[in-house]
Amino acid sequence: MADLLYFLGLTKGRAGWMLLGTVLAVLVVGLGLALLGLAGAVAVGALAGGAWLLRPVALGRSAARYLEKLTTHEATFRILADIRLWFFDRLVPLVPGRIGGQATGGLRAGDLLSRLVGDVDALDGLYIQLVTPSVVALLAALALAAILSAVAPPVAVAVLLILALAGLGVPALTERAGRSAGLEQVRRAAELRQQVIDLTQGLTDLIAHGAVGRALAEIDRVSERHGAAVRRQAVIAAVGAAATQMLTQAALVAVLLVGVAVAGGAGEGVGPMLAIGAFVTLAAFEAVAPLPLAYQMLGRTRAATRRLREVAEMAPTVTDPSQPLSPPKPLSEGSDIRLEGVRFAYPGAVRPALDAVDLEIEAGERVAIVGPSGSGKSTLFALLMRFHDPDSGTVRVGGADLRALTQADHHARLGVLSQGTPILAGTLRDNLLLGSPEAGEASVARALRIAGLDRMVADLPDGLDTWLGEAGVALSGGEARRVALARVILRDAPILLLDEPTEGLDAEAERAVLAALDEVMAGRTVVMITHRPAVTAAMDRIVRIEDGRLVP
Amino acid sequence: MVGAGLLAAGVAVVQAWVIAGLIADAIDGAGLSALWPPALLALVLIVLRGALAVASEVVGAAASHRIKQAVRGQVLAALSDLGPAWFDQRASGAVATTAVDQVEALDGFIARFYPAQILAGAVPVALLVPVFLVDPPSGWMLLAAGALTPVIMGLVGWRTGVHARSQVTAMKRANGYFLDRLQGLATLKLFGEIDRERGRMRAVSDDLRRRTMGVLRLAFLSSTALELLSSLALALVAVHLAGGLLQGDGMALAEGLFLLILVPEIFQPLRRLGTHYHDKAAAVGAAEALLEILDAAADLPARAVPVSRTGAPGLAFEGLSLAYPGGRRTALDGVSFQVAPGEVVALVGESGSGKSTLLSVLLGLRRPTAGRVLVDGVPLDGRALVPSLAWAGQRVRILSASLRDNLTLGRPGAADAVLTEALDAASLGPVVDRLPDGLDTVVGEGGRALSGGEARRVALARALVRDAPLVLLDEPTANLDRDSEAAVLSALRRLTRGRTVLVATHSPAVIALADRVVRLERGRVVETRAAGHTEGAPNG
Numbered sequence: 001m002a003d004l005l006y007f008l009g010l011t012k013g014r015a016g017w018m019l020l021g022t023v024l025a026v027l028v029v030g031l032g033l034a035l036l037g038l039a040g041a042v043a044v045g046a047l048a049g050g051a052w053l054l055r056p057v058a059l060g061r062s063a064a065r066y067l068e069k070l071t072t073h074e075a076t077f078r079i080l081a082d083i084r085l086w087f088f089d090r091l092v093p094l095v096p097g098r099i100g101g102q103a104t105g106g107l108r109a110g111d112l113l114s115r116l117v118g119d120v121d122a123l124d125g126l127y128i129q130l131v132t133p134s135v136v137a138l139l140a141a142l143a144l145a146a147i148l149s150a151v152a153p154p155v156a157v158a159v160l161l162i163l164a165l166a167g168l169g170v171p172a173l174t175e176r177a178g179r180s181a182g183l184e185q186v187r188r189a190a191e192l193r194q195q196v197i198d199l200t201q202g203l204t205d206l207i208a209h210g211a212v213g214r215a216l217a218e219i220d221r222v223s224e225r226h227g228a229a230v231r232r233q234a235v236i237a238a239v240g241a242a243a244t245q246m247l248t249q250a251a252l253v254a255v256l257l258v259g260v261a262v263a264g265g266a267g268e269g270v271g272p273m274l275a276i277g278a279f280v281t282l283a284a285f286e287a288v289a290p291l292p293l294a295y296q297m298l299g300r301t302r303a304a305t306r307r308l309r310e311v312a313e314m315a316p317t318v319t320d321p322s323q324p325l326s327p328p329k330p331l332s333e334g335s336d337i338r339l340e341g342v343r344f345a346y347p348g349a350v351r352p353a354l355d356a357v358d359l360e361i362e363a364g365e366r367v368a369i370v371g372p373s374g375s376g377k378s379t380l381f382a383l384l385m386r387f388h389d390p391d392s393g394t395v396r397v398g399g400a401d402l403r404a405l406t407q408a409d410h411h412a413r414l415g416v417l418s419q420g421t422p423i424l425a426g427t428l429r430d431n432l433l434l435g436s437p438e439a440g441e442a443s444v445a446r447a448l449r450i451a452g453l454d455r456m457v458a459d460l461p462d463g464l465d466t467w468l469g470e471a472g473v474a475l476s477g478g479e480a481r482r483v484a485l486a487r488v489i490l491r492d493a494p495i496l497l498l499d500e501p502t503e504g505l506d507a508e509a510e511r512a513v514l515a516a517l518d519e520v521m522a523g524r525t526v527v528m529i530t531h532r533p534a535v536t537a538a539m540d541r542i543v544r545i546e547d548g549r550l551v552p
Numbered sequence: 001m002v003g004a005g006l007l008a009a010g011v012a013v014v015q016a017w018v019i020a021g022l023i024a025d026a027i028d029g030a031g032l033s034a035l036w037p038p039a040l041l042a043l044v045l046i047v048l049r050g051a052l053a054v055a056s057e058v059v060g061a062a063a064s065h066r067i068k069q070a071v072r073g074q075v076l077a078a079l080s081d082l083g084p085a086w087f088d089q090r091a092s093g094a095v096a097t098t099a100v101d102q103v104e105a106l107d108g109f110i111a112r113f114y115p116a117q118i119l120a121g122a123v124p125v126a127l128l129v130p131v132f133l134v135d136p137p138s139g140w141m142l143l144a145a146g147a148l149t150p151v152i153m154g155l156v157g158w159r160t161g162v163h164a165r166s167q168v169t170a171m172k173r174a175n176g177y178f179l180d181r182l183q184g185l186a187t188l189k190l191f192g193e194i195d196r197e198r199g200r201m202r203a204v205s206d207d208l209r210r211r212t213m214g215v216l217r218l219a220f221l222s223s224t225a226l227e228l229l230s231s232l233a234l235a236l237v238a239v240h241l242a243g244g245l246l247q248g249d250g251m252a253l254a255e256g257l258f259l260l261i262l263v264p265e266i267f268q269p270l271r272r273l274g275t276h277y278h279d280k281a282a283a284v285g286a287a288e289a290l291l292e293i294l295d296a297a298a299d300l301p302a303r304a305v306p307v308s309r310t311g312a313p314g315l316a317f318e319g320l321s322l323a324y325p326g327g328r329r330t331a332l333d334g335v336s337f338q339v340a341p342g343e344v345v346a347l348v349g350e351s352g353s354g355k356s357t358l359l360s361v362l363l364g365l366r367r368p369t370a371g372r373v374l375v376d377g378v379p380l381d382g383r384a385l386v387p388s389l390a391w392a393g394q395r396v397r398i399l400s401a402s403l404r405d406n407l408t409l410g411r412p413g414a415a416d417a418v419l420t421e422a423l424d425a426a427s428l429g430p431v432v433d434r435l436p437d438g439l440d441t442v443v444g445e446g447g448r449a450l451s452g453g454e455a456r457r458v459a460l461a462r463a464l465v466r467d468a469p470l471v472l473l474d475e476p477t478a479n480l481d482r483d484s485e486a487a488v489l490s491a492l493r494r495l496t497r498g499r500t501v502l503v504a505t506h507s508p509a510v511i512a513l514a515d516r517v518v519r520l521e522r523g524r525v526v527e528t529r530a531a532g533h534t535e536g537a538p539n540g
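Heads up: the protein sequence lines correspond to chains A and B, in order. Position 337 of the first sequence, counting from 1, maps to 337 under the UniProt record's numbering, and the rest follow consecutively. Position 228 of the second sequence, counting from 1, maps to 228 under the UniProt record's numbering, and the rest follow consecutively.
Just so you know, these hints were derived from the structure itself, not from any lab. For each residue, glycine too, the CB sits at the ideal point set by N, CA and C. Treat the hints with care, since some could be wrong.
What follows is a list of derived Cβ distance ranges for each label pair [unchecked claim]:
1) B/Ala298 / A/Ala217: 17 to 25 Å
2) B/Val59 / A/Gly169: 25 to 33 Å
3) B/Ala70 / A/Arg511: 17 to 25 Å
4) A/Ala408 / B/Gly429: 56 to 64 Å
5) A/Ala349 / B/Ala509: 28 to 36 Å
6) A/Pro437 / B/Gly161: 37 to 45 Å
7) B/Ala147 / A/Ala63: 18 to 26 Å
8) B/Pro37 / A/Val262: 18 to 26 Å
9) A/Ala217 / B/Gly429: 48 to 56 Å
10) B/Gly161 / A/Leu142: 27 to 35 Å
11) B/Arg367 / A/Ala534: 32 to 40 Å
12) B/Arg434 / A/Asp518: 33 to 41 Å
Stretch-level coverage of chain B by chain A, calculated; a stretch enters the list once three of its residues show a Cβ under 8 Å from a Cβ in chain A [said to hold, decoys possible]:
13) 40 to 51
14) 381 to 389
So that you can see chain A by itself, here it is in the shape it has in the complex (with noise of 0.2 Å):
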């Protein structure tokens, strides 16, 4: 309950919404409750005199009927809009240290579209169908009881007896036979996408390794799994709306039966009065019966709410002072880097990545980062990005420790190039003025040059308007890198970090980049991973990391 509570807590911005979604759907069930017990006057001739009323009755109710759907569907779609990017927001703080980078055990990206998307939908059991049916069904019982109670009441006893073994217990059957089948339900789809996912990235090595028959195998179990918990679902939700329907029509006998019991033939009056009753119990029974499903439906609303939390309230590995220092004006002032005494271990690692680093380097130093893979470079950068703080030591950039300021106030005077730097879906315009969104076309072509990517450009069939990324023009590994490379002169920061600048590049392109480099680098803070001997040459200082630790 208290997950369900959570989430409800999160519609507040959409009460407005919800409110009137829910005064149309009482409005809908009270014209409902109106036009079957006219109908039912009318029909036995106790309110001739009231037959056209029945027109306008059933049109506005169809008419609120179908607000009421509209209502409630736009509230809900608004509300789920608002989740998806509470998660969104929740996620930000957590990547890439907890989430995706080295972080190990850590959730992968296709779990994380699961969640952001399907989790997030099934959110809608929620709104529509949990919250609004509930208050009506409530209402409807109340308004027969009215009635009822006015007719005899001892048929309002036996009547809201039936009333409560459809609104109370057959859902209360439900959501206990749906709990397991939505956990499973939810799982399952979430562990098929991933799969889906993985089919689809990894297809070429798949394909090369004879291996596309096994995993589609492996995906066909796990759709198997998950069809079979959807039959389920389906089993249970025909059970409880055939057992609703069977209490309706039994509710129907009752009045018959009970109310003759009680008048004992009293004589003429009775019967209408029967009848108008047979005609609002059916009505009052119409309210009750979306509540099954709901309630079904609620394990699986449940298993996706504590997904959503799970990731939701995950601990960042660094988080922003809640009184941080105001960044430097301009931003390049103060661009050196103190490493004191630093050591760092990734959680759940018995070795650390980092220990005792002492570094200096100077505001406009060109400094390489040398040493064997899994030496600790990468965890370096990852420090100096702040995208984990130091478990004891300080880094401090412009002599702050990065600790007292804002992530995005430090990242503002980053340039970074990083070894899986991604090609985001979008034209070349928009990969190039990541970050840079003001930059005017003049330093977008100086840009493209630097990179050397001026005649790849030229090639492009709509030059910088090319749609690039995974469902766009497909660029090789080196031209990827290129446009990653532009991105990071257009950023035009203070501090560059710069993992193989030149990697994917013959030993002539190697040198043209590096000569154009040599311009971008002017004046700027460098720190640059590289093993490449031509690159270290145009730099100040080697450093080299080894196991952690710096090596003189």
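Chain A is fixed; fit chain B onto it per the hints.
Leaving out everything else, chain B in the frame of chain A:
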């Protein structure tokens, strides 16, 4: 499923008759004792009807499950046949949506809409028979109202396809976009793009909501119209019956009530059809997305018969050209050269010059637009060469699975001794010794992260385990420090022995391993020369 539905309709008629009799008798002042037997009968009928409803749903759910399972299998198999080239213009997040969510979207159509459609045609007609027998005027009224149903559905439905398509497109776009952004979140953060990204996410969500509401507005309109029709028909019949009863024209009260109870039953299948209309709309959109994949796969040439070779093959490229779809730049332009059996050829050239594309042709991932490749004199067909080749790509993909599963990807069930030998050759022995669970340690996304150098060496070890006569390598030493590169080179020496090897590279050390160098420039061979081959390098 439909049988159960028709049977249930029959039961409904009997039940309506019994209950109408009950009410009439009660109103006529019959005693409780006289009412018991028909009341019991009514209860039995009620339970019978419920059981039939459950039975029909159970059958529907089972059918839907089978069909979805089959469709999903076919779609994924089709995607695999289409290969990575198909993803050039499609985001994998969007494709995942198609194979997961769009297949699920068929559920409502198969399990609910389709049977409801059949029942909507049969049940109302069947139920009209007793109505005509009891009171023909009521029958005519209901017939007229019922005849309006297809008109309403048609009016509402003719725009649905357009909306459903637009909604599915928006949904695929949203999913592709979300996955892309989730995978690039760290970059967005570093570049201070989070605030603008929030705005874009909001816009994508809003677009999806508007399009979904477009479909739902129509679906709701159809269900509302049918509901209204049902209500009006009920009112019409009630007024007609009331008039008849008041004038005392001979109709029994029981008969009037029977008709009144039957009216909702007649419209119920039609209303169900309206309620499940959005299932149909969703399925129409989904089916188009699925057919796009299935049709594209059906257009592929017949799957090539894989040929397994034991000896190192000789290759001949003859005027090989390849243009990417959509008028993009030409990737290969009349490439011709030969590779002798057992020869090691280094493909060099700027990035984007066509090296990777050339390798992907040998993998059968892309079809040349002109020219051909001969393998031992036989033209290469599709993926026929795959069983005979080992491959390590430019972007190493480590599966999120155990190290063992990663190594045996191309040779399931390979013995541990083979794995250990391959790991040693790739200088990975010490790395594995440090892993908590050795070969069974889960690596990759969500597991122990491997450094770039480790991942490359795993890919080479994987190629060694595969033990194939043809080896294709794409930049095997990219992003490596000197120690790792040395380790990779020793693994490479081992891998090239007795095999035909094509390796795309920039590294002088790798080029030194080759017999010959082929330089590509903008898809053309511009130079072929012998390399400074270090013959008989010791301890491979």
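Open item on the list: Need the list of violated hint numbers for this structure, in ascending order.
Closed with: 3, 4, 9, 10
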